[in-house]
Every structure is written in C-alpha cells, then in structure tokens.
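One letter stands for each residue in the lines below.
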Amino acid sequence: MIGMLIVGYAQGIAGARAEMGADEIARKAYNTAYYEGDDGRATVEMTLTDRQERTRKRKFQILRYDIKDGGRQKYYVYFREPADVREMVYMVWKHVGSDDDRWLYLPALDLVRRIAASDKRSSFVGSDFTYEDISGRSVDLDSHELVSSEGGKYLLKNTPKDPDLVEFSYYLVSIDKETMMPVKAEYFDAQGEKYREINALEVKEIQGHPTIIRQRADDLAAGSHTIVEFSDIEYDVGISEDIFTERYLRRAPRRWLDY
Amino acid sequence: MFAKIVRWCFRRPKPVFAVVTIAVVLGVSQFSRIQVDTDPENMLPRDEPVRLRHDQVKEEFGIYDFIVVGVVREGSPQGVFQAETLNRVYRITERIKKIDGVISREIIAPSTKDNIRQGGPGTVVFEWLMAGPIETAVQAERIRDEALDNPMFRGTMVSGDGKALAIYVPIQRKDMSYRISREIQAIIDEFSGEEEYYITGLPVAEDTFGVEMFKQMAVSAPLAGAIIFLLMLLFFKSVRLIISPMLLAVATVLITMGLLIGFGLPVHIMSSMIPIFLMPIAVLDSVHILSEFFDQYRIRHNKRDALLATIEELFSPMLFTSLTSAVGFFSLSFSPIPPVQTFGIFVAIGVMLAWALTMTFIPAYIGALSDNALRKMKKGSSKEDRSGPHGAIDVVLKGVRTFSLQRAKLILSFVVAVILVSIYGISQIRVNDNPIRWFTENHRIRIADRVLNEHFAGTYTAYLVLEAENGKDVFKRPDMLNYIQQLQRYLEKQGQVGKSTSLTDVVKKVYMELMGGEEEYFTVPETKQAVSQCLISYENSHKPDDLWHMATPDYDKVNLWIQLNSGDNKDMSQVVAQASNFMRTHKPPYKFESYWAGLTYINMVWQDKMVVGMLKNFLGSFIIVFFMMTFLFRSPYRGLISMVPLTVTILCIYGLLGIVGKDYDMPVAVLSALTLGLSIDFAIHFIQRAREIHAAHPGWERASRFLFQGPGRAIVRNALVIAVGFLPLLVAPLIPYRTVGFFMFAIMLVSSIATLIILPAIITLIPDAVFAGEKKKFVCNCGYCVVMAIAAAAAVGYVLRGYTFAGWDITVFAAIGVIAVMAGICAAAARRKFCITKKEDQ
Chain A
653 MIGMLIVGYA
663 QGIAGARAEM
673 GADEIARKAY
683 NTAYYEGDDG
693 RATVEMTLTD
703 RQERTRKRKF
713 QILRYDIKDG
723 GRQKYYVYFR
733 EPADVREMVY
743 MVWKHVGSDD
753 DRWLYLPALD
763 LVRRIAASDK
773 RSSFVGSDFT
783 YEDISGRSVD
793 LDSHELVSSE
803 GGKYLLKNTP
813 KDPDLVEFSY
823 YLVSIDKETM
833 MPVKAEYFDA
843 QGEKYREINA
853 LEVKEIQGHP
863 TIIRQRADDL
873 AAGSHTIVEF
883 SDIEYDVGIS
893 EDIFTERYLR
903 RAPRRWLDY
Chain B
52 MFAKIVRWCF
62 RRPKPVFAVV
72 TIAVVLGVSQ
82 FSRIQVDTDP
92 ENMLPRDEPV
102 RLRHDQVKEE
112 FGIYDFIVVG
122 VVREGSPQGV
132 FQAETLNRVY
142 RITERIKKID
152 GVISREIIAP
162 STKDNIRQGG
172 PGTVVFEWLM
182 AGPIETAVQA
192 ERIRDEALDN
202 PMFRGTMVSG
212 DGKALAIYVP
222 IQRKDMSYRI
232 SREIQAIIDE
242 FSGEEEYYIT
252 GLPVAEDTFG
262 VEMFKQMAVS
272 APLAGAIIFL
282 LMLLFFKSVR
292 LIISPMLLAV
302 ATVLITMGLL
312 IGFGLPVHIM
322 SSMIPIFLMP
332 IAVLDSVHIL
342 SEFFDQYRIR
352 HNKRDALLAT
362 IEELFSPMLF
372 TSLTSAVGFF
382 SLSFSPIPPV
392 QTFGIFVAIG
402 VMLAWALTMT
412 FIPAYIGALS
422 DNALRKMKKG
432 SSKEDRSGPH
442 GAIDVVLKGV
452 RTFSLQRAKL
462 ILSFVVAVIL
472 VSIYGISQIR
482 VNDNPIRWFT
492 ENHRIRIADR
502 VLNEHFAGTY
512 TAYLVLEAEN
522 GKDVFKRPDM
532 LNYIQQLQRY
542 LEKQGQVGKS
552 TSLTDVVKKV
562 YMELMGGEEE
572 YFTVPETKQA
582 VSQCLISYEN
592 SHKPDDLWHM
602 ATPDYDKVNL
612 WIQLNSGDNK
622 DMSQVVAQAS
632 NFMRTHKPPY
642 KFESYWAGLT
652 YINMVWQDKM
662 VVGMLKNFLG
672 SFIIVFFMMT
682 FLFRSPYRGL
692 ISMVPLTVTI
702 LCIYGLLGIV
712 GKDYDMPVAV
722 LSALTLGLSI
732 DFAIHFIQRA
742 REIHAAHPGW
752 ERASRFLFQG
762 PGRAIVRNAL
772 VIAVGFLPLL
782 VAPLIPYRTV
792 GFFMFAIMLV
802 SSIATLIILP
812 AIITLIPDAV
822 FAGEKKKFVC
832 NCGYCVVMAI
842 AAAAAVGYVL
852 RGYTFAGWDI
862 TVFAAIGVIA
872 VMAGICAAAA
882 RRKFCITKKE
892 DQ
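Protein chains in written order, with the numbering used here: chain A, 653 to 911; chain B, 52 to 893.
You may find that some hints are simply not true.
[To be verified] Straight-line Cα separation of at most 27 angstroms, DSSO-like style, residue types lysine-lysine; simulated pairs:
(1) LYS809(A) x LYS149(B)
(2) LYS638(B) x LYS579(B)
(3) LYS813(A) x LYS148(B)
[Unchecked claim] Covered stretches of chain A, going by a simulated chain B footprint (3 or more residues, C-beta under 8 angstroms):
(4) 726-738
(5) 759-765
(6) 771-781
Quick caveat, the hints were computed from the structure, so don't treat them as lab data. Here a beta-carbon is modelled for each residue, glycine too, at the ideal position from N, C-alpha and C.
Model the full structure from these sequences, guided by the hints.
Structural data, given as structure tokens:
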C-alpha cells in the first residue's frame, strides 16, 4: 500500500528484467506500488500548497487489506486532522473489472454515504492527487509501450484504451529497475502538453519492501502541489477483513488505529 | 514684438514653411512608436487603492475577466438542451480552450463543470455535467435538469427557461479580449445550427470599443475635415485660400499627436479624440484671420498693410480665445484620471500651437501669395457678397440686429426664462455611464448584451468580499453563512441584482445532496463541523478549486459573486448602497470588513471620480476664464457680460441633456471643457470688435450696423462651418462620437445666437457697461480691484487645489494673501489717482 499514491504496476519480483515486455513491467510496478505485503498501515500527512503559497494540512491513517495481489483490495482511511473533519472515514472496496465501491462517513452529520463517480479522476480531499492515484489505476485500462530502459529506469508510455473516461491523452511512468518502484509519472493533455506530474521524493526499504515515504504531486496548470509523507509504516500487521464494513465506519477499529 | 514676428514671417515665407514642415515630419516620425491603450481601467492610476484591491481580490480568489459566449435556441420547447446543440457547444468549448490567452482550466461551460447529484439510494455522485458528446434527448434533458438544480449554474450558466446557456471564457488580460472574441466568433462560424450565438461581457465591450474608436477616428476626423473644407469653399470660393486653414489644422493635429506619442504616452481612447477636438479650434482661428484680412484688403489693396491691420485688430481677441480654450482644456489636468489629464494637457498644447501657427504660418502663406492671386480671390469673395450664402447670411444678420436692438427687453426676459428652464433641466441630470452603451442600439455587442441579460441573471459581475476580523474559519460558522444568505436575498429583492452566488450556496447544495437530495435539506447544517465536512466532501469533486473562488482556504474571507443585468453606474452604486445598508442595519454574528471589486465596480468608481472631477474643473476654469475676461476687457462688468453667452450656452446644453433624459456620462463630462473653450470665443470677438467700432463710430445704433457686417458675418460663418462640419458624427456607429457631433452643433448654434442676439440686447439696454471705458471714469474704482482680486485668489486657490500641492488651509491662506496684496495695490493706486490721471489723458 505504501507508494500507493503513485500510479503504478507490476509485482516486485526482480530478475529477468531485460526480457520483460512493457505489459509485464507495468504489472510488476503496479504490484510493487500497491500490493506489498498482505496488508499494511501508515500515518499520512498531506500538505496542500496552492499557487498563492497558501497551505492546508490533512492528517489521516490508512489501513489496507489485499484479497489478491494485483486484484481485489480494501482501504480504510481515517481522518485525524483538520479537527473539523476528525473521525471522518473514507472506505474503498477495489474490484477488478467493475466499478469500485466507495463510502464516506461524516461524523458531524452522522451520515454514511456511498460515493459513486463516473470516473476515478476526481480529487482526493481537495489535494492534487486523484482518487485513482490512491487506489491505483488498473493495468488493464491502458496499453503500454516501453519508450526507453536507460539510466537504470524503464520509461513506459501508457495510453488509455478508452480515452473518453480520462482527462489525459497519455502518461509516462519511470520505473526503477532495481526495485520495480514507479518513481515518476507525467500526464499529457490532448495538446501534448504536460499538465501534471507526480514524483517519489524518498524511497526506503521497510520490512524488506521498497516503500515510498515521501512524494509530491504537481498540478502544473493550477500551479498547486501536494506533498505526502508516510510514517509508522508497517506491513503484515494482521488486519482483519471484517473492519472494512459499514458497521466500522461509525465505530472506528481502535485496535488498528491506536498505535 | 508680435508685429515684428508677423512681419518677419510675411517677408520670409520659405523658412516658416520649412520649420512647419520639419515639425510635422518630426511629429509624424514619432507615429511608429505609438502605444495604444484601450483599457478603461487605466482611467484610474495604477496605484489607485480601488484598483490595487481589485487586483488583490482577483489574485486571491483566482478570478479572471471573462468573455461571455451566449447560446440561445428559441422556438423549440427543449431550447438549447438538445443533443445536437449541446454537442456543438461541447466542441466549441474544446476549441476555445486552445485559444492563446484563454485560461482553459477556468472556463465555465457544461463540459468543464463538476456536478454533485443523487446516484440511487444512499449514494451521491460527483461527475462532469457533460462529460463528452451525447447522443440522446434523454441525456440532454438530464443535463438540463441537473444544471437547473444546481444553484451555482442556474441563472449563470443555464437560463431558468432552458432556452439559453452561457460559456464564460476567462482571459489573461483584458486587452486580448477583442482578438479572442474574434477567434471565438471564427470558431462559431464553422458550426451551423438552429441556435444563435452571442458574444459579450465588459472586457469585450471595452476592448472592442477601443478598437472601433481608433477606426472611427480615421474616418470621422478626415470626414469632418472634408466637409469643413467644402463649406469654406462655398463661403470663400477659392481653394487656394482655404487650403491654408486646412493645412494649418492638419499640421496642428500631426504635431500635437507626434508630441504626445514622442513623450512615450500611450494613446488612450480619450487621446484618440484629440484630432477631432483640435480641428475646429484650429480652423476657427485661421478663418477669423482670413475673413478679416480680406475685409482689410478690400480697403487697403496692399497685402502687407492689410495683414498688419488684421493682426493689430485680431491679436488680442485671438490670443484670448486661444487662451480661454487652452485653460478650459488644461483644467482637465487637475482631474484625478490620467488619460483625461493627458488629453487636457495635449489639447491645450494643440490650441496654443494652432494659435502660434495662425500668427506665423498664415502671414507666411499670405506673403507667399502673389498680389494677382489675391486680387482674384478678392473678386471671388466679393462677387458673392450679394447673392449666395453670404447674401442670405447678411439678410439674416440684418433681421437679427433689428430684432435684438428693438426687442431687447423681450429678449432678456426670454433668456431669463430659458435659464430657469435650463436650471430645472440641470437639476434633472442623471449621472450615469455604461461602456456597453457606448455602442449604438444595433451593434452586435448591444444586441448580445440585451439578449443574454434577458435570459440570464446578468452578465455584469461585481465581487463583494467579506473579511473576518477574527480570522480563520469564521466563514464556516453556520450563523455566518446564514447571515451571508440573508444579505444575498436582500440584495436580490432590491431589483438591481439578478443573482448572487456565495459559499453558502455551495454548502447548502452539498448538504442537500448528502442528505438524500430532498428540498427540505437545502439549508445550512447546524454545526461548524458539519459545514466543514460538507465542504471537504465537495473537495472530492473533479474541480475542488472552484471553492477557492468563493472562500480562502482559511475561511477568513469569502467572495460573493454578484450578477447585475445592467452595467449602469447608477445601478452598481445602488447595489453598493444596498449592501452597506444591510450590513449597517443587520448586526453580523462576527465582525467583518467588506469591500468591492470587479469591472462593473471599477467602472463605477472611475466614472464617478471623473464626473465629480469634471464638475470641479469646470467651475474652476469658469472662474479663471472670468478672471481673464475681466483682465482682457479691463472691467469686471464687461467681463461678466462676456460670460453671458457662454453661461447661457452651457446652461442650455446641459439643461437640454437633463430634460431629454440623456445620461451625463464620460463623453459629456469631457465635452464641458470644449463647451467652455469654444463658446466664449464669439463673445470675445464680438465685444472686442464692438468696442473698437464704437470708438471709431460712436453711438451704439450706428456702431451696431458695422458690427453686424464683417464681424457678425465671421461669427455666423464660423458657426456654420463647425456645426455642419461635425454633423456627420451624428450617424457615427459609436455613441461618444454622436455626443461630440451634437455638442459641436449645439455649442455653435447656441453660442452664436447668444452672442448675436443677447449681447446686442444687453448693450442696447445698458450701453455703458460695455462702452463705459471710453466715456466715464469707470476703470479703477474699488469694485474692479476687489472683483479682480477675488477672481485671482479663486484662480490661485483652484490651481493649488487642483494639483493638491496644498490642502484647503494653505489654499485659503494663499487666496487671502492674494486678496490682501491686490487690495493693497488697488488702494495705493486709487490714492495716487493713477488710473484717473491716465483716463484724463485720453
């Protein structure tokens, strides 16, 4: 789950890299970014900075549970700050081949709502990351092309199979050959102009898993950027699947959140 | 000394021509450096607090000036919400995004806006209102229903009746709007459908006006020149003769404009009017000289003597008519509006230049003409004395003379009546302006403006910013949001505001959708936490930044988007008054400060400043002109009498404006300076010549016969030439040009009538007032000194005030000082019987 805020693919097994095709690279990077371990948790601090250098902070915890590597997955996002939105919960059931299920719990209104979106390109709580950056863009949605494999990195060009569902015409991803971790993503619009960029600022190995602990998204047109920092990262903590249910939205699973 | 210069010029025409030519060439050579400025915002200095605030608000809330593209489809019940129309709008929007200078991410269109709606039980959906091209009528209907359900879109992006929608195109700079609007038009032209497209918005109006103004200038000024030329040809019958005033006028305009550009000043809309103001003034000067010269030449048969006699007679009236015009315009330099200052100063320079050229170029021109040619011209101009236009003028003048001498009392009572009516009219004057109204009714921008404001809540925007005193998160508080809503409802009820949009509207919409979409939840939730959670939910949309157009991320400031369906100043100022009235009478839960921004507001500010400033300038220059007249005629009484035609003219014209109901707007305000400068001219000539003729032929009855020949004819001729010459402006496609045309006509008509009828009537009743100097010991009594002193003091005070060198206190002291000194001189002079001695010498 760590590094999940990067668009990515492919499972983290090293080796036989030279012979890998573009699709395989994409898949391995995707798995490295979103499916390390069987579950995981982390504390996330997000700093949103706009063109006028005005900043806002968000602090939340993320719990992740993988049903199948590269496949179904569940997320539980529990907000700590700002104080006004404390205890707010955002929950996702990620599916393959069908739309994800998403819930929002608003404690001040004592309200659970399912959120549907025609696409996954909407903003994640006002930041420069999209919902799709959080849970990963499925490898099957794009066709992949290996542009270069120089400088210790693979450069993949990803073109959406259904361009009507997304705002970009294609995006480039750089993947570190060593760790198979996607470290940079650049988005291009219909005019071929780059309008968005995501960079891994710091990658560390935690419990043997390559993990992004700091990254930054830039909205070039808006002049805003968001930096996220991960702490208290832990893999294979033994989170049980049953907390990812509506029942636990109103009653946060303290056991996994107090650490 | 001037006689020397005139004689020198007369003897050496070639060097004079050479100098003038060089000056013109130098002037023209500057033209390539021209910088054009069509932005009315520059009517305010760049560092003007209102402008700084406007810029700050734009920056802080990410607001841009925008062009409004309206799409209207009447005639079918679905209106614009049909797949084919929406798809065209979609494609057009996509194309507009690519135009250079358009801020594509901030375009407001169905395909660029995110919507929040119900998506089945317990589900909310964030999705683009129109994600892409659609196919079915059902989809089109859905888009309509959703858009109308969203308070952010209804009345702004879609019209309540579904017949129209609007694309708001934000642009980087206002001066791009004309070009961008043309490019948008070109894109629209590629698509054809049942719907009509309209482009409007203040930036387009302003920029388009600027562009067309310059185009008009290239048509109107030469056209007026051509007509003046033809009229003079009719009067003087000699091309060779009248070519000189025309050359002089052209030289004056070219040198003045060259000077302006050479100084690196941008040519603003105002300065583009300089040629059209200078032309009549320059022509008038030289026509006076030529008229008189021919009268003299007929007597003396020697061009040198005739010229010198002419100059001797006309020197001081010419100087004073020019000085008064220059003063009238120069007073504009006291205005707080930079383009008006530039305009005033350069017209004043041009006026004095025209005078200098009249005194040098015309003598040189006459010097260059052979006696033969002159004789031919003389024949030409005397032949038609009894027939043609001159015959008619003479007949009329004769009638006028008889009438004004015999019916003096009747005339004066009539004048008093006219003055009273005019004063009533002036009291009815409505100060108002609106850049859209600078176009004629049928101009496409006017039509677009009308159509779109019929369908939408208003295409004129102003921003009202509320800034909390206690900082952060104040505007997340439900009571504060409800207060804002009350303010909005109050404003909307008053009639000028079509719609307003605020953070409250967003919160209510999101809350309602979160709670299941029922109308009863269209309200502000009860706690600050609930508000925050609604807002953060909204931030999960595709366009979370839309929030920051309405609030700062700290929620210490909010921005209310106010839509007006009229750009009239008076409406904007009413809205400002309404808002402050509400905030005064309704105590807010938390203290805040409020201020306005937006183009509609900025326009109101500069136009108010301009109008008030103009009024001050006008009163000031009125006093200065009076002072000059008193000085010229060496008597306050004559000074006062000479002001009569001017006063009547001004009262009449402005009274008429009030009665007819035409707004007192920017062009009208600027033209007051022209009115002052031009309408005193005839009186100066008339009184000066009256005194000279009276000295030679004592007895008013007798003197008036001569007066109504040469001088009277010159006045009528001039009035006709200018009035008729500017008539074509009345059909110009831009309203300010029509205003200029009307004013030229009215000034000439009224001031010539006032001069030729009222002045003789006054003289008939109290001849001493004008001719006293020749008969009685009138000159240096204390009344004169005191009046002079007060006028001088007022003038000094006015100048100091105008340039804000001094506050009122210093001004007052300076004025008192001047009065004291003048009175002292007066007393000393009176004791020494200086004036009386001089009088007795005569």
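Ascending list of hint numbers which this structure does not respect: Structure breaks no hint.
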